[in-house]
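Student: Below, each chain spelled out in residue letters.
There are 2 protein chains.
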Amino acid sequence: MDNRQIGIFDSGVGGLTVTAAIAKLLPHEHLVYLGDTARLPYGTKSAETVSRYAVQATHALMRFDVKLIVVACNTASAVALPVLTAALSPVPVIGVVEPGARAAIDATRNGRIAVIATEGTVRGGAYVRAIHALKADAKVEQKACPLFVALAEEGWTEGDVPESAARRYLSDMFAQQNAPDTLVLGCTHFPLLAKAIAKAAGGGVTLVDSAETTAREVARLLDEHGLQRKGPAERALFLATDAAERFARVGSQFLGNAIAPDQVELIDLAP
Amino acid sequence: MDNRQIGIFDSGVGGLTVTAAIAKLLPHEHLVYLGDTARLPYGTKSAETVSRYAVQATHALMRFDVKLIVVACNTASAVALPVLTAALSPVPVIGVVEPGARAAIDATRNGRIAVIATEGTVRGGAYVRAIHALKADAKVEQKACPLFVALAEEGWTEGDVPESAARRYLSDMFAQQNAPDTLVLGCTHFPLLAKAIAKAAGGGVTLVDSAETTAREVARLLDEHGLQRKGPAERALFLATDAAERFARVGSQFLGNAIAPDQVELIDLAP
Chain H
47 MDNRQIGIFD SGVGGLTVTA AIAKLLPHEH LVYLGDTARL PYGTKSAETV SRYAVQATHA
107 LMRFDVKLIV VACNTASAVA LPVLTAALSP VPVIGVVEPG ARAAIDATRN GRIAVIATEG
167 TVRGGAYVRA IHALKADAKV EQKACPLFVA LAEEGWTEGD VPESAARRYL SDMFAQQNAP
227 DTLVLGCTHF PLLAKAIAKA AGGGVTLVDS AETTAREVAR LLDEHGLQRK GPAERALFLA
287 TDAAERFARV GSQFLGNAIA PDQVELIDLA P
Chain Y
47 MDNRQIGIFD SGVGGLTVTA AIAKLLPHEH LVYLGDTARL PYGTKSAETV SRYAVQATHA
107 LMRFDVKLIV VACNTASAVA LPVLTAALSP VPVIGVVEPG ARAAIDATRN GRIAVIATEG
167 TVRGGAYVRA IHALKADAKV EQKACPLFVA LAEEGWTEGD VPESAARRYL SDMFAQQNAP
227 DTLVLGCTHF PLLAKAIAKA AGGGVTLVDS AETTAREVAR LLDEHGLQRK GPAERALFLA
287 TDAAERFARV GSQFLGNAIA PDQVELIDLA P
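Read top to bottom, the protein sequences are chains H and Y.
In terms of the numbering used here, the first sequence has 134 at position 88, counting the first letter as 1, and numbering is strictly consecutive.
In terms of the numbering used here, the second sequence has 166 at position 120, counting the first letter as 1, and numbering is strictly consecutive.
Just to be clear, a hint being listed does not mean it is correct.
Remember, identical chains collapse to one label, so a pair may be satisfied in a single copy or spanning two.
Said to hold, decoys possible - No farther apart than 25 Å at their CA atoms in a straight line, the calculated lysine to aspartate or glutamate pairs in the DMTMM-like style are these:
(1) LYS189 x GLU204
(2) LYS189 x GLU291
(3) LYS241 x GLU209
(4) LYS113 x GLU204
Simulated from the structure, these hints should not be mistaken for lab results.
Only chain H is shown next, with the shape it has when bound in the complex:
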């Protein structure tokens, strides 16, 4: 038993979809979330910059005496996980890429998997490596879909605009012969657009969202190390590096629960 908090880190509000899955599966855990809103988006930045920012941000979370850190940002998971694991040791670090890859392998029947993500995640190729590590003969196709991030942030999750964007990004990929039967939502913003994405991908395609599989990985790790919290549920704390009001407003959509403005604290990550 360990009553310390679980730290969750993302470049902005996207990781709140992962936070929602963790809160649902592990309602007794006390969560502290940091969104590096002053420096988002990470998806268009170089690997070096993302690594530097991610180390600063997770160090700030360590001040909350956390027992586990979840990197709920695909870009940071994809390019900075080894650096973060070393920097935060002995606190265990979980990314979202490996759980997403595992879920894709479990879901596919024809061995063909599509991954959609930000430019940074696609360029880094982490999903391709993680999937091949689990199943060497899987066929993996990637596609950067940066506009989905803006659509989710704008709250335009249904209707003409997300549907035509999804068609433009995905129809070629799923119109081909031997198309993938599994589509990994490799960015924490994308689950909000799941309906439009599923419509563009077509009937037989399974969407894989790393939020739930990451939550299960957190549960497994707490169990393995005897780190579960036994205390009563406590209200999560949210930290943002800029624009706390916007964080509460836009973030509520991602969390699926209202975030009160006084639940968000501004912090400064300047080194």
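Knowing the structure of chain H, use the given hints to seat chain Y on it.
Tutor: Frame of chain H; chain Y shown alone:
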């Protein structure tokens, strides 16, 4: 006569639309452009953060011994121009808001002006103030259109997606009685979407783009102070704070001319 460079600053690649207008009007001027790509977008950040970043970025431009600085970023022009003017004195500083407001006043016949911009520019209200300073009885409506930024960056400037986005943002505003007859593109990304925006606004609406009026203001100021360059044209220099390759690739669309990868230099703005 003054052969020093003109410094142009933006949060990213958007200010290259202004740069293109300056290069066209003043082909002999030597231009140095800084895009703060590591910290974009400015449009969702607080006024304090934008001011701090803009001062750091323009100080970096001052090292190039510039004779004039153009703040080719609506958000920074809207919230940080007084701070920048004080910080860079005696080098003159030109923003894009005042020229855009002046062009709108010249264009409107019914005195009703719509302004579309980022969230930060809209929240700051600088266009409303600048328009009212020139014409106190003008009716001004604002609308934040953040998705247009993502569309321009993605290069999706024509077709279904930008057209349905423009309809979703603008149709209510222009369907009303006594609708605005003039629409200010209050973000340097938006001129790339002019066709889709004009279609959504409808026939009788004049689009105002501050790029050309800002270029004319630069020409006027050089003339007034006798600062024109007489030397032969030189290739512009581009500075970016991150992801130089992406800057060259995406920026070429905004500039309307290819930017060679070796024309972009990475710089660090850490204080």
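Student: Taking each numbered hint in turn, which are not upheld by the structure, reported in ascending numerical order?
Tutor: 4
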